[in-house]
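2 protein chains.
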Amino acid sequence: MKREILNITSKIVRSVLTITLICINSQFSMAQKTKTVFHDASKFYLYGKAINTTTRYHRIDTATYSDLPATIKKLLTHSAGLAVVFKTNSQTISAKWCVTEAKASNNLTPIAQKGLDLYIKKDGKWQFAGVGRPTNTCSEFTIVKSMDGTEKECMLFLPLYDELKSLEIGVDEGSNVVSLENPFRKRILIYGSSIVHGASAGRPGMAYPAILSRNTGLYFMNLGISGNAKMEKSAARMVSDIQADAFVLDCVPNPSPQQIKERAEDFVKTVRAKHEKAPIILVQSIIREQGNFDLDVKQRVKQQNEEITAAFDRLKMSGIKDIYLITADKLLGDDHDATTDGTHPNDLGFYRMAEQLGPQITKILNQYNIK
Amino acid sequence: MKREILNITSKIVRSVLTITLICINSQFSMAQKTKTVFHDASKFYLYGKAINTTTRYHRIDTATYSDLPATIKKLLTHSAGLAVVFKTNSQTISAKWCVTEAKASNNLTPIAQKGLDLYIKKDGKWQFAGVGRPTNTCSEFTIVKSMDGTEKECMLFLPLYDELKSLEIGVDEGSNVVSLENPFRKRILIYGSSIVHGASAGRPGMAYPAILSRNTGLYFMNLGISGNAKMEKSAARMVSDIQADAFVLDCVPNPSPQQIKERAEDFVKTVRAKHEKAPIILVQSIIREQGNFDLDVKQRVKQQNEEITAAFDRLKMSGIKDIYLITADKLLGDDHDATTDGTHPNDLGFYRMAEQLGPQITKILNQYNIK
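Sequence lines, in order, name chains L and C.
Read in order, the letters of the first sequence are residues 14 to 384 in this note's numbering.
Read in order, the letters of the second sequence are residues 14 to 384 in this note's numbering.
One should not assume that every hint holds.
Pairs involving identical chains hold if they fit within one copy or between any two copies, as the list cannot separate such chains.
Unchecked claim - With a straight-line cut-off of 30 Å between C-alpha atoms, the simulated DSSO-like cross-links for lysine-lysine are:
| no. | residue 1 | residue 2 |
| --- | --- | --- |
| 1 | Lys329 | Lys56 |
| 2 | Lys315 | Lys48 |
| 3 | Lys178 | Lys384 |
| 4 | Lys343 | Lys138 |
| 5 | Lys56 | Lys178 |
| 6 | Lys165 | Lys116 |
| 7 | Lys158 | Lys315 |
| 8 | Lys165 | Lys343 |
| 9 | Lys243 | Lys274 |
| 10 | Lys116 | Lys100 |
| 11 | Lys116 | Lys178 |
| 12 | Lys243 | Lys87 |
| 13 | Lys287 | Lys134 |
| 14 | Lys46 | Lys315 |
| 15 | Lys116 | Lys87 |
| 16 | Lys48 | Lys329 |
| 17 | Lys87 | Lys135 |
FYI, nobody ran anything at the bench for these hints, they're computed from the structure.
Just chain L, with the same shape it has in the complex:
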């Protein structure tokens, strides 16, 4: 009888333990399976826009500039330099997004070309939090999970080298998510080549205009037009239409030396005509590391930089004020390791560019109270 009671007691204890464990497991599974609610990102502020567009994630309404070359129009549909900003206390942040079927570039990671890159503010600084890895033309991905439940300011950088067709942000059911206001001050436009556009950053947030914004708190607008920043008259009109406190022209790598000679002064004068007081900062071409051994490439960059310097001197002589020239021989460091392909900075290169350019640009801007 005593043994039977003991047995029954033991069975009851085991059952209670089992039920308790099931409950704990079930709670754990429930916690793991918190439902994700998706919000169309069009409800959140979009940082980096230079001008309003009919298609949200395009950089420019190219219909306005019918004489722009077709390639440029296509490149301006890329969401380079744009970022959605919002505030949430969700412990998980996901995204669903669609891009086009554009082919992979051999000097870009798919994350940089078609993916997403999340920063969150911590200790007063924007810090990397996670990426959205593209898995197909349309992708769904958990960017970051298992965060503490405090409210966080988030900035999600969009694909550098593709057109973003749609974007939804996913947060835990029951959590809050609202738009942030513009977290950056003033407006500085950077017009330039693939290097401005973001090749070959490893992820969207590592393009140098994005790093400059995070480092300085200033609102940099990315008007990088890969391979095609050649200072055409149509491009000059487009740039001059943008409301900006300052203009950075990093457009020496694409045009030939002859084109720089023929176009640079007109370009600057077109911008100056619409922006009487805005500082205009010309940037020489960074060294092409391919030119470390290729003497033709080395010579071409040298000529490009000579022509932009000569154009700058002529502009100064002609009485154009508030223009500046940043020399570029040290922007990538001196170990020749800061590119992915001999032309486009890797993340080491972009880091160095931002470290070098940032203080030089802000020093100029400070004189105009742009800070």
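Got chain L; can you put chain C on it based on the hints?
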């Protein structure tokens, strides 16, 4: 009459000028069209090999280790860390190569995964010269052109994340090309995860073991096994079979904390049994930047590093000598920007790792006259 003579003279001068220009152009075209002669790269020394293999560009003959997991066997067919070294006075260097149809990784550039990366010695240093961009499963690409015609020492890093099926080096017809001898001293094996393997370098030469070789002159062997460096008994036997002067075990990121606890001591003892005096250097896991906000990831890395530290302490207590532990909390810097995806270093991360690890490793090796 005078006018006629003048006209005839003028015509003759024009004709001579035209012929001269045609000759110059034709010479120029000929120079441009110098024929490329391709040489099978099997005639050149292959740096980075840990052991002889029946298939030249595999890192290990996995048939020898039948109990290795299948994924590891596949990863060991990747040519990560291998480089062909040769000497040439050609002004152009090209390559023809074939890899497999393995899919693109979203955290790698195709150049890193399937491409080539050329360094040339200049002023006593290995310096970047150009890349081979993969265009298909089989590709042909001009890596560098328009060089001066002096003799140069060349090192061509092979694809990080694919099996190299064939490789031919192309040089100008009439130029010399011969193998170099091994340009590096001693032999140091690095066994480790995807981070050793080279994800997410922008190009093959930016994986950290390759940077360490260039920076130190020492022969580092890359035994990175992406996601699978879990210190299995079979892996311990494989590592211990390699003739090396020192062993670096950067294999904390892949195994669970429990696996580290169960396997690390056995692994080190297996290596020590075959290499009585070789220093064995354990490296903690680098911070996972994903863990900047993901508390689970942060906790896991903390536990992994606690377990490797505890295993190291137990090994020391048990009387195993010539072992070292490198802590890793600062290897990627402190700005959280040094990865492509929150786990894998970008080129900024690899640069920082090499800057931090290099002096710590060489300081240890110097004590053993490994320099």
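Can you tell me if Lys116 and Lys100 fall within 30 Å by alpha carbon in one copy, between copies, both or neither?
Answer is neither; intra-copy 34 Å and inter-copy 36 Å both fail.
Evaluate Lys287 and Lys134 at a C-alpha cut-off of 30 Å and name the case that applies: within, between, both or neither.
Neither: 36 Å inside a copy, 51 Å across copies.
Status of Lys116 relative to Lys165 across identical chains (alpha carbons, at most 30 Å):
neither (35 Å within a copy, 36 Å between copies)
Intra- versus inter-subunit Cα pairing at 30 Å for Lys343 with Lys138
both (27 Å within a copy, 19 Å between copies)
Please sort Lys165 with Lys343 into within, between, both or neither, judging by C-alpha distance up to 30 Å.
between (37 Å within a copy, 26 Å between copies)
Could you figure out if Lys87 and Lys135 sit no more than 30 Å apart (CA to CA) within one copy, between two copies, both or neither?
Intra 36 Å, inter 41 Å, cutoff 30 Å: neither.
Is it within a copy, between copies, both, or neither that the alpha carbon of Lys46 lies no farther than 30 Å from that of Lys315?
For Lys46 and Lys315, the Cα distance is within 30 Å only across copies (25 Å; inside one copy 59 Å).
One pair to classify: Lys56 and Lys178, alpha carbons no more than 30 Å apart. Within, between, both, or neither?
Result: close within a single copy only, 15 Å intra versus 51 Å inter.
30 Å Cα threshold - placement of Lys329 relative to Lys48
Neither, since 61 Å and 49 Å both go past 30 Å.
Within, between, both or neither: Lys243, Lys87 at alpha-carbon 30 Å
Result: close within a single copy only, 15 Å intra versus 47 Å inter.
How would you label the pair Lys315, Lys48 (within, between, both, or neither) given a Cα cut-off of 30 Å?
Result: close only across copies, 29 Å inter versus 58 Å intra.
For the identical chains here, do Lys116 and Lys178 meet the 30 Å Cα criterion within one copy, between copies, both, or neither?
both (16 Å within a copy, 24 Å between copies)
Figure legend: structure checked against the earlier numbered hints; hints not met, in rising order: 1, 3, 6, 10, 13, 16, 17.
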